[in-house]
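Join the two chains, each given in its own frame, into one complex according to the hints.
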Amino acid sequence: MSNKFIGKSVKRVEDKRFITGRGRYTDDIVLPGMTYAYILRSPYAHARIKSIDTSAAEAMEGVVTIMTGEEVGHYGVPCGWQVNFKNGDTMKEPPHPLLVKDKVRHVGDAVAMVVAESRELAQDAAEAIMIDYEVLPAVIDASKAVEEGAPLVHDDVPNNICFDWEIGNPKEEVDAALASASHITTLEFVNQRLAPNAMEPRSYIGQYDNVYDKYTLYTSTQNPHLIRLLMCAFVLGLPEHKVRVVGPDVGGGFGSKIYHYTEEALVTLASKKIGRPVKWTETRSEAFLTDAHGRDHVTKAEMGFDADGKIVGLRIKTFANLGAYLSTFSTAVPTYLHGTLLQGLYTTPKIHLDMTCVFTNTTAVDAYRGAGRPEATYLLERLLDLSALEMGVDPTELRLKNFIPAFDGVTQPGYQTNVALQYDSGNYHGVLQRGLEMLGYEDFRKAQAEAAKTNKLLGVGFSTYIEACGIAPSAVVGSLGARAGLYEVGQVRVQPTGKVSVFTGAHSHGQGHETTFAQVVADRLGIPMEDVDIIHGDSDTVAFGMGTYGSRSLAVGGSAIVKSLDKIIEKGAKIAAHKLECSVDDIEFIDGKFNVKGTDKSLGFGDIALTAYVPHVYPANLEPGLDFSSFYDPTNFTYPFGCHIAVVEVDKETGTTKIKRFIAVDDVGNVINPMIVDGQIHGGLAQGIGQALFEGVEYDENGQIINASYMDYTMPRADDFPMFELDRQVTPCPHNPLGVKGAGEAGCIGSTPAVTNAVIDALWSAGHKVKDIRMPLTSERVWRAMQS
Amino acid sequence: MIPSSVDYTRASSVTEAIQLLTDNPDAKILAGGHSLIPAMKLRLNAPSLLIDIARIPELRFISDEGDKVVIGAASTHHDIISNEAVQDMRAMVEAGELIGDTQVRNMGTLGGSIAHADPSADWPAVLLVLGASIQVQGPNGERFIAANEFFLGFFMTGLDEGEIVTAIHIPKLAEGQQTAYRKFMQPASRFAIVGCGASVTVQDGQITDAKVAFTGVSDAAFLDEGVTDALIGQPANLETIEAAANAAAEGDIHINEDHFASQAYRKHLAKVYAKRALAGACGLE
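From first to last, the protein sequence lines stand for chains A and B.
The first sequence begins at 104 in the working numbering and counts up by one.
The second sequence begins at 7 in the working numbering and counts up by one.
Just chain B, same shape as in the assembly (with noise of 0.2 Å):
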């Protein structure tokens, strides 16, 4: 629980932080440390340099334009839930009021957090059922990154060499969009053994528009398709969402396991918070 000695500089902007990772290839970004500083401390990472991109005000912003809500990705968990424009997300809200406890939701940061990718971590099933886009910034300049082409595996994303998330792209909920979040906890540290986020759209009745994806079910989050299929076409109803729901985390995939969840434990409770999710969605609990 000691680190070994780090230097540490602040960046100014998202310019001369890329400078600075550029130059120094062991370096680590640094936002709100939760993830990092844990990982010093038992000295499983033992960077040269941390460069705090924490206060760069250019990276600490939401705004509401239009037909989107774009995050700044030194936004802490606090000011996303806090913010007048997710209100109505309710994924968003509601796997943000989960994420650890007070103090940590005043220090994580949303970029830090999917830059960061453990596979247990609330953020990265949400973004994948909202169909956010995650804004990147490196030595070649910007590019975006669709959320289902950015978790890529166990605390693996799509980003390059020297890249940083500079913000992430949130489209507005469509008419009859309704989203929501259910988290079943590892006990102990509070991240996800299940974590689901379900977004469905209704038609006069009819589901049109489905997304269900999970965090802490494999070695990254993703969208479960199996269970969309059963959904789309179908009536709102609990019906529906159990049979739907039936087909969460089957097939070829990957489980996790631990000694808080074994593989067949985590398939059902899978199984179990895609219905809770998706009648959360469906205002149906």
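Isolated chain A (complex conformation) (with noise of 0.2 Å):
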């Protein structure tokens, strides 16, 4: 162990391919004979296709081969996690099928594939295939699909109700709590729908090798040895150790790679039957329509507060929108991973949700960047600061007085939530009284009230937030229904020249793990970083992986690797024992030397290396190589906190807010790279603004997304913001070797509710007492608050 590495601002060192534009994404990739794939979609979000005429396309010169749901309809791709009815029934799981035959179920659902010499003729064969459908009424907003009348997305799902579900206390103890409440704050909202908007469009490659019968697939995602076995497993029943899935340098996720998407399978499929490569690559426009969109919750939630103001009971209805079809962890999303975050970061007795999860003809709603935490953020901290507002009371006096004492995890236990979770380690008082110290509270009172005067008001909003992460253990989330465990894999293989290659199962799509896993690993064995690589992504490489997301890959990739070391660290000071001719126990292993302890007697890690392959002088017993692999599966969640502030001035003329400072105080445990995690930090801070004042998918009454492109769809730019003030506090999480939580998704959790209280302090400190205004916050929307 030597100390050169962890805890610096090492420079990314993936960057210089990346900033030279020398990144090799899938799209990139040119093989042999390949073909190009067009997807002909449903241009209706509902409708029965009464034929389907290939003919004239089929004719056209430089096509190769039409498939249609005909040919493929049969197979579709699964959902991964299973949730229950509250009457105990299993959710309702229609089949999503690779090509629709009978039904489309929303704008851009597959109906056929045309294969051809280029993407150019493929698309233009594309139009001339003859489609006649009868459009059926569709229906979008999830409180309305599940009224009686509603068209029905799928025939045999009666009301379009996925499932119902709840958690928490029992509803009757929630509701006797409220009402013995002194105060109630009701706060019915909506959590707006968005469009991931990775800057990589999803592409994939087919590539059947009839010699070795063998399929490659290359496809941009988060996971490919999920797909590898989703692909195989559930979908196509194909033989995995046939089947090589490859996600290549990958431009970006933010959840929507994580899952099996139709058109791995449909190009895996065409390269068998043509015998060429398939490439497939989607346009912007089709990402807007198919690559799975988060959030969509309508809610009404109810915080009740006795005399003092402690919160006494929490109560909450929502409907989730899953779009039409399950995607891969879809159902996970608006239950465990949102209903067991509703706890927040206070003493809450009694809590209750009800929540409902609901089929439309809408696209797919999946895990998207904090993935039902934000939503459940949201909820928590809109609560926090309206109630403040309502009684008259600080905000801030008002977390205080609320939160869960601090606790460490190793001499106090953990803090056991009412809604499943048990929290690991915290101290949520400490962040936010940094961020009010940054924040100068007290002087911006004295100028809000000034500014109220003016047209330019001034607003303070504060998000106070936790969340879970590195998920998680595997026998938790399989006894929650999911179909997969949760561990990670991390192998560590010493060349004989005392180089390292490092095989990690966990995925970088920006993240920089090829920076951070090096740091650690460097360190640990006391070599410099330019002797590690660190290799993912292949499913022929590394043995297997689940991938990354929800923040798991340092927690839990990172931890695997770490077991990993340990074990060749063990092994390399018995091979040192041997040559140094001294007991085990009198090895030391420091700066990358094996010492005996007290003496000069030493050897570098790379003669131990060098030794374990050319094993001349060797231990007896003690196989030679030195080549280790884990799997890590940990003991519990992660628990990232922190406190967001915003200050927004808002223009009393246009509605038009400008966020003015956002203070970010994170608790992410330990930390391996600050500028990284800062960057993480930024990045999701920008998304989950982003929500609160520009993005979001519109939807018009017959399913059409009405701002499908970047000329409508408002994407949170630099010029947007101020500089971000960041600071850190650490509690270092007490159950995995590295003492990190995560820092992926943190920014984008917290900042949202920061900066629509903000906008509603504002407008409440010129006497608009509104309760909420539906995000994104417009300009105009805003104007229209202040107008009644």
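Simulated from the structure, these hints should not be mistaken for lab results.
It cannot be assumed that every hint is accurate.
[Said to hold, decoys possible] Derived PhoX-like pairs: lysine-lysine, alpha-carbon spacing no greater than 25 Å straight-line:
1) A/LYS413 with A/LYS274
2) A/LYS420 with A/LYS189
3) B/LYS273 with A/LYS755
4) A/LYS274 with A/LYS403
5) A/LYS376 with A/LYS317
6) A/LYS559 with A/LYS107
7) A/LYS704 with A/LYS111
8) A/LYS559 with B/LYS273
9) A/LYS761 with B/LYS47
[Unchecked claim] Every beta carbon over 10 Å from chain B, so not counted as near; a handful from chain A, in silico:
10) THR757
11) PHE797
12) ASP815
13) THR817
[As the list claims (entries may be wrong)] Short, incomplete list of chain B residues facing chain A, as computed with Cβ under 8 Å:
14) SER11
15) TYR14
16) GLY211
17) HIS265
Even for Gly, the Cβ is constructed at its ideal location relative to N, Cα and C.
Pasting the structure below:
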């Protein structure tokens, strides 16, 4: 162990290829004889297919093959998480066919695939396919989809209800607690639908090798092994050892590239059929229609307080829109990743969530950065700030009064919530107090009072959040319905020359694993970072892996690597003891050297590596080689938390909101690379603030997305933000070897309610006592809120 | 996002470009390509031939001709806002700086923008308040169209079949004349939800001439005479401006609406931005 790299802002080793345009993404790969696929998609949200005529298209020059639902409609992609109805019945799980043959269920539903000699020809031919549709009425809004007489997305799913579900204390207890409350804050709101918008559109290449009878799928995914498992075992019935899945450089995912998409199986099937590689790369327009969306909750929440301002109960009714089909983890998001976070940072004694998950004629909804936890945080933190306004108390004092007291999870036990989870360690007062110091709270309130007399109102909004990361112990997620384990694999192969190849089942699509993991390995082995290579993304080289999502890579994947490093050092010590003719107990490993304690006798890491592979002078009964693989299955989730504070200026004449300051004090446990963690927080803040002010998929009543392009869907930009003011508190995770909690989603989870709260606070400062403004808080919506 | 296949040719002179356009009726003129290419990628437009005029030397110039500034149609937005000859026409510079981003300003052209006549484009409001004249050339020769007869409707101009814009003539500012452009941006595209150009001429504290034009508000950019009527002959102060701005976007005009701004809100913004543009022109912000 040395201490040269951990905790240092080492520059990212992967950036050279990325910022010089040399990243190798799926669409950059060109294989000999490659063909190109175009998918013909439904222009209607809901319609019966009466006939499909591909004859004109098939006759066009350059067309290789055309597939329709007739040929492949019996294959479908699965859902990876089973949730049961309250009464114990299994959730409704209608098939999601690779190509639809009977009824299309959302705009963008796939009807036919054309494979041709070029993308242009494939699209030209697709336009020549004649489809006769009988258009049906569509249902878009989850709360309306459950009403009697609403159109049925799947004919055999009554009321469009996939399942209903509840968590927390018995509802009667929560009702009783609220009945006793001296104040109840009621908030009805929408957590709007978001499009993930990864920079790299999804891209897949199927390649079948008839000499070795082997398939290769190149895919822009966050988890290649998971895709292989799902596609082989649940979709196509292919032998897993004959399928290689490669996720090369991937340009962002934000959750949307976790899932097994129909097009992955389609290019695989097509490549076998025609004996040539088949590439499909979506257009940006297709990405808006087919990449799984995020959020889309309609909620009514009530929080009760006693006369002292202590929270006595929380009651919630939410409709979650799952879209037309179940995406891989769609059912887990509104339930186990959302309902379990409703304790927040507070000692709320009684909590009940009643959740109804609903099919609609819209794009599938699944995890998007934060996945369920932003929805929980938005609900709680909006309620806290609004309650303070309604009760005329300070929002920070209200929080301090209700916070769970600090606990380290080592000498003090974890905190058992009323919604299943047990928090690992936390100091919630600490992050809020630090945030308030950075803000200069008293001065701000004075400035706000002055601003209230002008056309530029000032407001402050708070959000003190917690999340559950590092998903998670396999046994726990299995008992909750996951159809997979959630461990991670880390293999460390020391080469004979002492150079180190590390194979991780985590997958980097922007997170900087090649740097962070190398820092850990270099420090543990006392070698230069240049001697470490981090390899990921190929099922033929990496033994297995569950991939990257839920801020799990370092906490779970990093821990698996550490387990293997421990085994390397332990074996190295045995080799060193033999060569140095001492007991293994007398060996200490410091700064890359195996020393005999109390002497100057020592062997370097490179000497030991060479000896392991050239074992001439070697312990009896010890295998040659220095190569270990480990599976790490955590004992609990990790629980990062923090305090986000937004200061906004609202233009009274136009309703336009400008973020003046944004303060984020996050506690993500130990930090390996502060610069990378700051970068993760920055990106998360941009997305979280983006949800509050800019983003949102808008459907019309016919199920058409009216803003499915960057001309109309507002992505946040650098000039929308001030310089972020970041600070950190460190409460190590007590149950993993690195003490890390995860930082990928924190910024996105905490920031959204802080912004909405700040705008509401600004409006109250000028006497406009509104409870809610629907996100995104466009200028018009804020202006209208001030007209009433 | 994959265009149909299209032929491409680069014209070396205006005459050649017009000949090509006459010979190929479904051809399209390509200048900066910042409106046409996206439309082609979405297959909203599928011309058989693109005639690239961006590199015709006679179309890319900016010259100070004493009583006016003449801008070649293929001058980029950046060419214009960085040119000495237009610096005192603040509306010109302020509008140009708010178009797209650096890359767009280096490629997009003034002629292309106005020939395309996007109802939310910035330049039309500026050309209207500056009293510009559009020089066009076609199979039947050359002619001039006044700015207020050029922007006719939704993507509709006074250009006849086969004509292309060759230059824009802008009269120099009169004594006491100042201009400004203020824009409320559509947050995604950053086109104008409301773009307001204002020109005010002040003599001895009195407003002697004024023009206010809007883009983004209606199906084409237009001069708003209701506002100017309330300005001329009045003292150049905030009270005058506020009263005049309240008359903006009234009367029998079509008001656009979209998911960013309803008609009522757009109308309200027109009044706010008329006030801001006029205050900017009068140095009263």
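Each hint tested on the structure:
1. Annotation: proposed proximity of A/LYS413 to A/LYS274 holds, straight-line Cα distance about 20 Å (limit 25 Å).
2. Proposed proximity of A/LYS420 and A/LYS189 is supported: the alpha carbons are some 14 Å apart, at most 25 Å.
3. Under the criterion of a C-alpha separation no larger than 25 Å, the hint pairing B/LYS273 with A/LYS755 is consistent with the structure, at around 16 Å.
4. Between A/LYS274 and A/LYS403 the alpha-carbon distance is near 15 Å, which keeps this suggested pair within the 25 Å criterion.
5. A hinted pair counts as satisfied when its Cα atoms are at most 25 Å apart, and A/LYS376 with A/LYS317 qualifies at roughly 13 Å.
6. Of the supplied pair hints, the one linking A/LYS559 and A/LYS107 is violated, its CA atoms being roughly 49 Å apart against a limit of 25 Å.
7. Taking the CA atoms of A/LYS704 and A/LYS111, the gap is near 31 Å; set against the 25 Å cutoff, the hint is violated.
8. Proposed proximity of A/LYS559 and B/LYS273 is supported: the alpha carbons are some 21 Å apart, at most 25 Å.
9. Restraint check: the Cα-Cα separation between A/LYS761 and B/LYS47 comes to about 34 Å, which exceeds 25 Å; the hinted pair is violated.
10. Its beta-carbon lying about 6 Å from the closest one in chain B, A/THR757 breaks the requirement of being farther than 10 Å from that chain.
11. Distance check on A/PHE797: its Cβ comes as close as 6 Å (rounded) to a Cβ of chain B, failing to clear the 10 Å threshold; non-interface status is violated.
12. The beta carbon of A/ASP815 sits about 5 Å from the closest Cβ of chain B, which is not more than 10 Å, so the claim that it is off the interface is violated.
13. A/THR817, annotated as away from the interface, has a beta carbon of chain B within 10 Å; the closest lies near 4 Å.
14. Interface restraint check: B/SER11 against chain A, minimum CB-CB distance 6 Å, threshold 8 Å, status holds.
15. Violation of the interface hint for B/TYR14 is found here, the shortest Cβ-Cβ separation to chain A being roughly 15 Å, above the 8 Å cut-off.
16. A least Cβ separation of about 26 Å between B/GLY211 and chain A goes past the 8 Å threshold, and the interface hint is therefore violated.
17. Here the hint on B/HIS265 is kept, as its CB sits about 5 Å from the closest CB of chain A, short of 8 Å.
In terms of the numbered hints stated before, the structure departs from hints 6, 7, 9, 10, 11, 12, 13, 15 and 16, listed from lowest to highest.
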